[in-house]
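Chemist: This is what each chain is made of:
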Amino acid sequence: MVKAKNHLKSIAHEVKRKKVLFLMLLPALLFFTIFCYIPMPGAYVAFVDYNINKGIFHSQFIGLKNFEFLVKTGALWSITKNTLLYNLAFLAIGNVVQIILAIMLSEIGNKWYKKVSQSIILLPHFISMVIVGFFAYNLFNYNHGFINSFLISLGFESHDFYSDQGIWKYIIVAFKVWAGTGYGMIVYLATITGISKDIYDAASIDGAKLSQKIKFITLPLLRPTVVLLFLFGLGGILKGSFDLFYNLIGNNSVLYSQTDIIDTYVFRSLMGQFNFSLSASVGFYQSIFGLFFVLAINFIVKKIEPDNALF
Amino acid sequence: MPKHNTRKKDGSFLRLLFYIVIAFFSLICLFPFVLMIVSSFMNEKEIIAEGFKLFPKELSTSAYEFLFRNPKKLMNAYSVTILITLAGTFGGLLIMSMTGYVLSRNDFKYRNSISFFIYFTTLFSGGLVPSYILMVNYLGLKDNVLAMILPGMVSAWSIFLMRNFMKAIPDSLYESAAIDGAGDFRIYWQIFMPLATPSLATIGLFLALGYWNEWYNAMLYIQSQVKFPLQFFLQKIVTQANVQLLVQQGAVVNTSDLPSESIKMATAVMAIGPIILLYPFVQKYFVSGLTIGAVKG
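First to last, the protein sequences are chains A and B.
Take the first sequence: its letter number 72 is residue 72 in the numbering used here, and every next letter is one higher.
Take the second sequence: its letter number 161 is residue 161 in the numbering used here, and every next letter is one higher.
Chain A extracted, bound-state conformation (with noise of 0.2 Å):
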């Protein structure tokens, strides 16, 4: 009791002493107050029956309802499995590309090329997956979309990709190592340029092959920060890209099979069937594996590579 008060009374010294440097703090801590701390306790809603005149600690407690709900019907399975597969199949495709060009950019000795090259590949980053959307609709669309124009210019018949559920998973692995392709890219080029030219020379003295000297110091030196990017990419493997999905899906519920992410039911339950609670259950199963995960991938890089642990 003694110990509390007089830490209260240190802290209150404190804040007196340095009184412009808290209130300089104030606006960012009522931030994160507002807008994370006080919803956190709100994740109660997945375990009631929301009534909105109750308010969320009034209504009716339900328990795992939801939950069993959310198993009987398979859902829960489906959306975690489309998460999880689409998100490692983000991971691998996309830091492969990022590598491979990176290493290619690395070795490109005319820097207008360099420059230019490297602005345009991250270009996609910059634009919103609303535009995205457009561009799908620009390129798949039935009755105009650009590729059935060509198809048909060579004879073929028009493809109804809107209505063929095996064809969007490619399409949307594919925006999406588009648009992240120039972030990871920079990333690793930056890793590279930081390798002591002294190494590569050394190597050409020794009559080392330009093949060779990427097979030999580019690869595994670039080897901790690929493991490193690869972990934490793990660690969010249960955040899905919401609005990719939800620009080139949208409502169109005969693909969902495929393509129907934690994210998208999530929002799709909240605000096309208000079932708050029911939404709120999937929620909160994302935040308590999705935090499992980021802890058992800092335990993880903690082992391996203690300096660039997160915590």
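No incorrect hints appear here.
Restricting the straight-line Cα-Cα distance to at most 30 Å, the calculated cross-link-like pairs of lysine-lysine (DSS-like) are:
hint : chain 1 : residue 1 : chain 2 : residue 2
1    : A       : Lys19     : B       : Lys109
2    : B       : Lys167    : A       : Lys302
3    : B       : Lys142    : A       : Lys54
Some residues of chain A that are not near chain B, with every Cβ distance over 12 Å (derived):
hint : residue
4    : Asn6
5    : Gly63
6    : Leu64
7    : Phe69
8    : Asp164
9    : Tyr170
10   : Leu222
11   : Gln258
12   : Ile300
Hints listed in this document are in silico derivations from the structure and should not be mistaken for laboratory results.
Yeah, the Cβ is synthetic: ideal placement off N, Cα and C, and Gly gets one too.
Following the hints, complete the assembly by docking chain B onto the known chain A.
Modeler: Frame of chain A, contents of chain B only:
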């Protein structure tokens, strides 16, 4: 054997391959943009008959003529986007630079606990539903422009970037200013802010880009059309498959005569126009922000 000679000969075939692959991938990145711009200049009859093309038979500016004749709704969406971009970017920069400054001060006793308080929010969140209930039922932000400004204004990541940057400013600068009698806020405003310009530019760019591309919060919270930001407005045009939204109320336009397909593409071109125009000048700040690296809690 002279060194530069070996270097030149060595792997010249491989290097050529690299040039070609990079060029090919750059073309893939550019292709959708080019197709969209060309489509916006296509003749509507040709689109209906043969679809969007990269090399149309004839070009037409009728989509843009329509947009310039009926500018009101599009201009309104533009002004909403400009408003939230300016307010959010400047507000966010002010709040996050102050926070970064305080957390970078070694004599600030609680900097580690407050850093953790901020960092924890990236690990766990209450989820969409509690935030939605808070915004609508408790903060009363349904259909309020603030609903698009506030949620994206502050991010843990940017605060730590700011803090790491300010940590690199030598303590002696702060100490000598303090001896001269400058207060904490004045030291921040007159010494740290000017020195932090590069990181302010980087984070300002991240913020501005986020606000310019904002549609998510609009979709959740905004109902009246006068408050639609540009990207949400666009999304409505493409998902509802009509360009009716662009036409002013009361204006007599026979929508069946409209070049709707090219208008859709022209509207999207108008929305990405400012980004494409500014891109060459701002991308270096973006790249420097990426390569500062090491973002830790």
